[in-house]
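These protein sequence lines map, in sequence, to chains G and E. The opening position of the first sequence corresponds to residue 1 in my numbering, with each subsequent residue numbered one higher. The opening position of the second sequence corresponds to residue 161 in my numbering, with each subsequent residue numbered one higher.
The hints are simulated quantities; they were obtained by calculation from the structure and are not laboratory data. Just so you know, even glycine gets a beta-carbon here, dropped at the ideal spot from N, CA and C. Honestly, I wouldn't trust all of these hints.
What the hints assert, rightly or not - Example chain E residues on the side facing chain G (calculated, C-beta under 8 Å, incomplete):
no.	residue
1	Ser-244
2	Thr-247
3	Thr-287
4	Ala-290
5	Tyr-335
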Amino acid sequence: MNRRTLAAVALVLLPAAAAAQGADAPVQITVLAEVQITRFGVTDFGPVGTGGQTYTIDPSSPTGAQQVASFTATGTPFATIIVSFAPTVELCHETAGCGTAFTFTASLIRSGGTPVNSGDAVALNGVGEHAFSLGGSVTVPASATPGLYSGMFTLSAAYP
Amino acid sequence: MKRAPPLVGLMALLPALLPAVAPAQGSTPATATAEVRANVLAPLALTRTGTTDFGSFEGTAHVEVVDPVNPGARSTAQFTLTGSANTSVVVSFDASVPICAQAGGCASASMTFTPNVAFSQTNDQSTATANLANGTAVQLDPTGAHYFWLGGALQVGSGQQPGLYSGMFTLSAAYP
Numbered sequence: 001m002n003r004r005t006l007a008a009v010a011l012v013l014l015p016a017a018a019a020a021q022g023a024d025a026p027v028q029i030t031v032l033a034e035v036q037i038t039r040f041g042v043t044d045f046g047p048v049g050t051g052g053q054t055y056t057i058d059p060s061s062p063t064g065a066q067q068v069a070s071f072t073a074t075g076t077p078f079a080t081i082i083v084s085f086a087p088t089v090e091l092c093h094e095t096a097g098c099g100t101a102f103t104f105t106a107s108l109i110r111s112g113g114t115p116v117n118s119g120d121a122v123a124l125n126g127v128g129e130h131a132f133s134l135g136g137s138v139t140v141p142a143s144a145t146p147g148l149y150s151g152m153f154t155l156s157a158a159y160p
Numbered sequence: 161m162k163r164a165p166p167l168v169g170l171m172a173l174l175p176a177l178l179p180a181v182a183p184a185q186g187s188t189p190a191t192a193t194a195e196v197r198a199n200v201l202a203p204l205a206l207t208r209t210g211t212t213d214f215g216s217f218e219g220t221a222h223v224e225v226v227d228p229v230n231p232g233a234r235s236t237a238q239f240t241l242t243g244s245a246n247t248s249v250v251v252s253f254d255a256s257v258p259i260c261a262q263a264g265g266c267a268s269a270s271m272t273f274t275p276n277v278a279f280s281q282t283n284d285q286s287t288a289t290a291n292l293a294n295g296t297a298v299q300l301d302p303t304g305a306h307y308f309w310l311g312g313a314l315q316v317g318s319g320q321q322p323g324l325y326s327g328m329f330t331l332s333a334a335y336p
């Protein structure tokens, strides 16, 4: 490449502002508030029996000793976030460990009671919040060792 | 004549000349965790030892009573309930039980037994509480046990046919 060619390349790369007439272009950028999630409470089936029965917590209306954990995602008002979570969680025995685990299947609902699946997009409200409630179901094996079983459910959220 | 800058030098200027366009990036996910738990209850078991025995009495109209806390010389059946520690259990039983003549059965002669059940978290009859109501929820102790003693009242009719009478009292328990 000779010197003349190099000069031509440089001209092509120079901004158009080098031309005789000036022109303005608006540049906008929205800096999104960091997405955060806070959790309140636990999802607790309370006492359950054995015998291969399935127990369910309705996230919108737990009954008896049942409790539901709630999550609140916060960020930029009206922004869309994508939520993700593992649909199942192993619940392990307090002393016997996960060798006698059984599976919790999550049932997550968002504000208004609409079910939420992992990967769904939800819109934050006017104050930049969206609430979720965690219910679900477990099937306790007939041979399950009596005692307290627990596991951890993780909810994630991010802007698309 | 001064020599032109090499191509490498020009290429180094290119980033400054190009528009400031950054690649698109998704935001870092925020996460929160919640504990999920369930308390699997131990199966309930009720065992019985002994018999509630009114002994012998005259066949005239009266009421024979066995105090479930202080039965004296009479015997009381004991029930031991086991399950998950510190949990609530609902106990149920019939309000009355027919006691029938062993010779000839209920068609021959009978009396009505009205149970009086005493209950306690400790295996000590003398400190138990009498008059457990049907459908009451009792609390299993830290070892998962609860104890019951069966007394009650027997309505004896006038001219009650002599002989040995017996009947079966059934105590049931279930988690709420």
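How the hints compare with the structure:
1. Ser-244: holds, 6 Å
2. Thr-247: holds, 6 Å
3. Thr-287: violated, 28 Å
4. Ala-290: violated, 28 Å
5. Tyr-335: holds, 6 Å
Comparing the model with each earlier hint shows violations of hints 3 and 4; every other hint is respected.
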